[in-house]
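Enquirer: Sequence:
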Amino acid sequence: MPINNDDIADVLTELADLLEIQGANTFRVRAYRNAARTVSSLSEDVGGYISSGKDLSDLPGIGKDLAGKIEQILGTGSLPMLEDLKKEVPEDLSRLLDVGGLGPKRVATMYKELGVESLDDLEKAAKDGKIRDLEGFGKKTEESILEGIQRVKQQKRGRIRLDKADRIAEPLLEYLRKNDDIKSLDVAGSYRRRKETVRDIDILATCKKGTDVMKYFSDYEDVEKVVAEGETKSSVLLRSGIQVDLRVMPQVSFGAAMVYFTGSKEHNIALRKIAIRKKWKVNEYGIFKGDDRLAGKTEEEIYDRLGMAYVPPELREDRGEIEAAQKDKLPDILQQDDIRGDLHCHSKYTDGHNTIEEMAKAAKDLGYDYMAMTDHSKRVTVAHGLKPEDVERQIAEIDKLNKKLKDFTILKGTEVDILKDGSLDLPDETLEKLDIVVCSIHSYFDLSRSEQTERVIKAMKNKHFNILGHPSGRLINEREPLQLDMEKIVKAAKDNGCFLEVNSHPDRLDLTDINCKMAKDMGVKVVISTDSHQVNHLDYIRFGVSQARRGWLEKKDVLNTHTLKQLHSMLKKK
DNA sequence: GCCGTTTTCGGCCCGACTGTTTTCAGTCG
1 MPINNDDIAD VLTELADLLE IQGANTFRVR AYRNAARTVS SLSEDVGGYI
51 SSGKDLSDLP GIGKDLAGKI EQILGTGSLP MLEDLKKEVP EDLSRLLDVG
101 GLGPKRVATM YKELGVESLD DLEKAAKDGK IRDLEGFGKK TEESILEGIQ
151 RVKQQKRGRI RLDKADRIAE PLLEYLRKND DIKSLDVAGS YRRRKETVRD
201 IDILATCKKG TDVMKYFSDY EDVEKVVAEG ETKSSVLLRS GIQVDLRVMP
251 QVSFGAAMVY FTGSKEHNIA LRKIAIRKKW KVNEYGIFKG DDRLAGKTEE
301 EIYDRLGMAY VPPELREDRG EIEAAQKDKL PDILQQDDIR GDLHCHSKYT
351 DGHNTIEEMA KAAKDLGYDY MAMTDHSKRV TVAHGLKPED VERQIAEIDK
401 LNKKLKDFTI LKGTEVDILK DGSLDLPDET LEKLDIVVCS IHSYFDLSRS
451 EQTERVIKAM KNKHFNILGH PSGRLINERE PLQLDMEKIV KAAKDNGCFL
501 EVNSHPDRLD LTDINCKMAK DMGVKVVIST DSHQVNHLDY IRFGVSQARR
551 GWLEKKDVLN THTLKQLHSM LKKK
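Counted from 1, the first sequence has number 557 at position 557 by this note's numbering; the numbering is strictly sequential.
Simulated from the structure, these hints should not be mistaken for lab results.
One or more of the hints may lead you astray.
[What the hints assert, rightly or not] Listed below are the simulated SDA-like cross-link pairs for lysine to any residue, each with C-alpha atoms no more than 20 Å apart in a straight line:
| hint | residue 1 | residue 2 |
| --- | --- | --- |
| 1 | Lys105 | Val89 |
| 2 | Lys297 | Ala309 |
| 3 | Lys327 | Thr355 |
| 4 | Lys265 | Val29 |
| 5 | Lys297 | Trp280 |
| 6 | Lys86 | Arg33 |
| 7 | Lys556 | Pro331 |
| 8 | Lys420 | Val382 |
| 9 | Lys281 | Tyr310 |
| 10 | Lys491 | Ile457 |
On a predicted model such as this, the values are computed, not experimentally measured, just so you know.
Work out the full structure: start from the sequences and follow the hints.
Expert: This is the structure we're talking about:
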């Protein structure tokens, strides 16, 4: 089985977990974690990276030793060092780190003193009252461990999708805004960076002195448990299981705090290293030279003082944005207003909830110039996929509607299935009557990597193939992505004049940010579509846009930022 | 284990909160 970047990152992370429990040097542990991160955010396969003659140790955080280990993992899927480590430290022990409040030191103590090796062992030890007697532990720790175990069992500590986070954050912000003592209020964290999933929600506020904003926060009706409550920082768990942190900062530090709490952690570390070189210090209160505050009030001031351009939140991942900002070469990333139409929509003809006309009017109301009607093909029987004669019927209706609509065009399209053998689910004579052909996989998700990759590449060779719909097929938190060699897919898209979709549905967000960047780097344009099944799904475009922004895409990199005329000529194949 | 405008050793981001202590270690972000 081929080893991909995520597999390598998983092995490195497991090494870091076990080393940490074993009490290894914390910086050594950090080195493994840094390397895992570098590998998983690499926009090409490690295998391809090596075979193209490049040196792994040129990558940040990877030296001679780790480069060697990564090559070993690539060859065998594991590492003798990891196998040896597992003999010394029970593998399951790393799962205990998922329990809130437990870190490597405590896990190691409980293992050594009580022989705790698993969640079940831990629960038993806590229930038997054995943990409270350990040195450095106590009754409260024991109780919080029991609570933490319940949370892990209910899987309440996982990452939640961005749309759900929106639904949680918005009413909470509205509640906080009602408090007159709060002056400024903003959300930071991965939520602000618009990551596809978030673990918690970070809120930042400034307020009048001597007020009890923290108490007001804890009194929010959805709070299940107050995890911590201090003067400047409070954390609560909401009933939905998500944690919300509130930080109260002085106004003069608001910008520094926004940078700090927006993260990412890696981006912050990189900023601090720049400050250290200048003999300054950066923290959430500002940039300091000794006791003098050099900057802090706004984010712009912070970046400016550090000698770089303002970095939009979506780019703050330490994936090259720091260097680009220092050279003033950041991409001018896409804005939602740049989108001129939606190129993947369904109607009542298949599994949509609205008529073509209703969808078109809703799209026009958003200010769009065009929309493509792309209902399913016959293979998708559960969605009442269209046969060639149904497509003809739909074409006739669209022709009629287009005569009626002013300053708006409905493009005739399909979301045709890519069958197991790489052929398309509608005949060429039907496809050639359409303006746009989106091709997607809805079956045989478990083919091997080479078979799946070949299947897609064969489909792309069909001259009617325009766009690969939801390329990886993943459903966030529900279904793993298809085994695909994305580098080969992107290359095939380039060779065959195809485009790749960023499906904006918040349970897909597919392409990923990293693959968006890969497509851009390899010169393939993407399409940002919603896959709307009803009019109010059209609004999902904002999730796709932020995904594309995270992938460094500019207006010119996106097909549906172009005018209808340009679009037609870009879709046409020789 | 990595890294170098303090460059092959000696650092490695920084601060808040909790629980267990009586000055601080551990965890978290």
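Enquirer: Each hint: holds or not?
Expert: Status of each hint after checking the structure:
no.: 1; hint: Lys105 with Val89; in the structure: holds (13 Å)
no.: 2; hint: Lys297 with Ala309; in the structure: holds (16 Å)
no.: 3; hint: Lys327 with Thr355; in the structure: violated (50 Å)
no.: 4; hint: Lys265 with Val29; in the structure: holds (16 Å)
no.: 5; hint: Lys297 with Trp280; in the structure: holds (17 Å)
no.: 6; hint: Lys86 with Arg33; in the structure: holds (18 Å)
no.: 7; hint: Lys556 with Pro331; in the structure: holds (11 Å)
no.: 8; hint: Lys420 with Val382; in the structure: holds (18 Å)
no.: 9; hint: Lys281 with Tyr310; in the structure: holds (19 Å)
no.: 10; hint: Lys491 with Ile457; in the structure: holds (9 Å)
Hint violations for this structure: number 3 only, all remaining hints satisfied.
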